[in-house]
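We have chain A already, so just place chain B on it with the hints.
Residue strings, one per chain:
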Amino acid sequence: MKKRIGTLLLAVSFSVTMALSGCGSSTTSSATSTSTETAAVSTGAAESTAAASTEAGAIDPKTLKPVKLVFVTMGETPKNLAAVNEEASKYLTEKINATLEYRPISWGNYANKVNLMFASGEKFDLMFTASWMFEAQFAAKKQILAVDDLIAQYAPDYLATVPQDVREAGFIGGKAYGLTGYKEWAADKGLIFNKEIADKYGISADTVKTWSDLTPYLEKIKKGEPGMTPLAARSENSPMVQMMAINAYDTLGDGPGCISRTAGDTKVVNMFEQQDFMDAAKLTREWFTKGYINKDAASTTQMEYLAVKAKKAAGYGQSGKPGIASQEGRQCGMPVIYIPMDKPYMTTSDAASAILAVPSTANDPARSVMFANLLHKDKYLVNLLNWGIEGKDYVKADENTIKYPDGMTAENSTYNLNMSWLMGDVTLNYLWESDEKDIYDQYKKFNDSADRSAALGFSFDPTPVKNEVAAYNNVIKQYTGAIYSGSVDPATTIPKFNDALKAAGMEKVIAEKQKQLDEFVAAKKK
Amino acid sequence: MKNNRTHWLIHVIFIFCSAAAILPVLLVVAISFSSEDSINKYGYSLLPHEFSTYAYQYIFNDPHVLLRAYGNTIFATVVGTLTCMIITSALAYPLSRKSMPFRKFFTMFVVLTILFNGGLVPWYIVMKNYLHFSDNIWALVVPGLLLNGFNVLIMRTFFLNTIPGELLEAANMDGAGEFRIFAQIVIPLSKPVYATIGLFATLAYWNDWYNSMIFQVNHDNYSMQYVLQSILLNIQYLAQNTKSNNMSASLASLPQETSRMAMAIVAIGPIIFAYPFFQKYFIKGLTIGAVKG
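Each protein sequence line maps, in turn, to chains A and B. Letter by letter, the first sequence follows residues 1 to 526 of full-length UniProt numbering. Letter by letter, the second sequence follows residues 1 to 293 of full-length UniProt numbering.
No lab work stands behind these hints: they were computed from the structure. Fair warning: this is a prediction, and the values are worked out from it, not measured in the lab. Accuracy of the hints is not assured; some may be wrong.
Derived coverage of chain B by chain A (criterion: at least 3 residues anywhere in the stretch with Cβ under 8 Å from a Cβ of chain A; other residues may be distant) [claimed, not checked]:
| id | stretch |
| --- | --- |
| 1 | 35-48 |
| 2 | 119-127 |
| 3 | 208-221 |
From the three backbone atoms N, C-alpha and C, an ideal C-beta is built for every residue, glycine too.
With the rest of the complex left out, here is chain A:
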């Protein structure tokens, strides 16, 4: 009997261990299924600091309780992060009596990790989100807080730098869930060309105004440069993708249904049935059959700039913004030119592409907003977080330009976070020696000149038509790569494609989108 109890004890203790260690075949379910009931909604934490402010923006740190702010974004962890956190904490203690723990999470894991932090009720105070980083989902689950009042009270510099229509583009259900970063809020479409080739054949923004202007030049390149394809393309990024899906239509989020930029109204249509889509497809087809586009465009995954770098191609379609030519030039390893084909276009996803939101588990939401506001105001703080400590991680070349200290390069740098585009106001950053000097003026001009989409600020909630959207996406995967790369004849394929879309329930989604958009427009007019 004694022995039996001995073996029993062994078994009990170890089965308990096993249950605790999670066991199973460790096939962990994906983080998207995270339930979020546990995310505590903070209640009235704002009160603690409410007393501190007398008027908007004037903050007396002495009246504030000390607090530690945990700030998470995507990014690589730089070597000197601890030193920068320490420095920033010292600085912020003087400003808003807070210390900072900035915590970059590697790119691919950001969404997973943040979901887990919410699920376990972990305390953090400021986080990155965007229309493409589940802002609507976070807001719907009440994981991030609506902060309109706090912004009005504590973020005057933010209100001064970011115009109202852009701020509103990031709203969910009419409420602000964070502070939109100042960066480029629009995109234009165009082409990148190897500068040497472009100069040789006379391609420039003056000679090429429309896509069809390009055809004779492509022919010359084809004849004159053996071994080189005039244009490099992939199914996700061919010149036609830039022409249509990014520029001529606002795709209004997930699923079918777009509004036409030229029409300027809010009628939701199927892009693939429109005449301009057919025209663009025919032009692409012509280029493809004449060999102006690489033959494997529908299936290749090689990035276009690699083809240009290897001198296998002369150019490619590219979504543009200020400084795009120097950025792409660095990737291609040679000077390139950018030929814009249209004015910039601002849609919800462009305008709301970088937002700093306050999680519901924040210690003190008011302080989070104050900190986020400093990122729109405080040159020292922004540069500290992005580029590290002056004299150690970078040195000044002149007043507004910085470079690495002697002996340091991008490869062995001690702090190069390089996340200025999500860190408040990008124009507060020092420029690197390789940057164009007037880049921030270009930003302003670019943003000011952008056409606003008629649906700017609208974000589509696909939940009621989830199944149809999924079916639609499957059809899209099947057809668009071939059409965008010109590998099939559009005259016969596009009607077939549209039939398949209709069979997948496209019309139901368009009707739903139209309904939501109408509601949005009506609410906006009020």
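The following block gives chain B in isolation, referenced to the frame of chain A:
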């Protein structure tokens, strides 16, 4: 004569099989030592067009981080594997004894954990908030990997089928207690199954990046696979989403293809030496556990 021909045929077949296994590895080595430019221009090839160690320089750019992660992984693998073997066998052995009360119940208990689990979030909350396996080295050892129901069943079947009940009875007659029987009779007779489970556990620990992703905050505690994975993800992400204006000049020189292969080589590292060590027992352990003798 005929015999000779068959010999040749077998040789040829096995040369092909071996080549199919070895050539890809050689290709990976070759690519990792090529320059990124030559890969873009000429594609993959078994002999590097332009020899370069840049990919390795890039990965070991900050050797402190990777070496530290290597150390973490080795620690987790050694400690984890030993602990895993001890507790797996300590659970499997009683389950193999017919005299144990509630044996069926506990076996079901083990089987259920193979079929069902609590899901990611509850698991995460228990590990992090209640057991505090977070941001320390034990988060690489304990959660998820320490005990696996499938391994327990393999071991149990092994004990059940290869260790005769008469032997245990005889030992009992001679005055040995349960613990002594287990330590001095059962364990020495069960080397093959220990080697098998040990190999499974070693591989699981060595290849684990998931625990680091979920539980670790400070990168001093990352496992090697996770560090490699995040280098890779960051390269990919930077290459595809150049949203930043200030993207530094380094982007042009990111060794995308070659560093991927260099990482594979680095990750193969010492673990490859574990195989010959376990090989001797490996097949025996698996088959003996599977077939009732």
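Going through the hints against the structure:
no., hint, result
1, 35-48, "holds (count 3)"
2, 119-127, "holds (count 8)"
3, 208-221, "holds (count 5)"
In terms of the numbered hints stated before, the structure departs from none.
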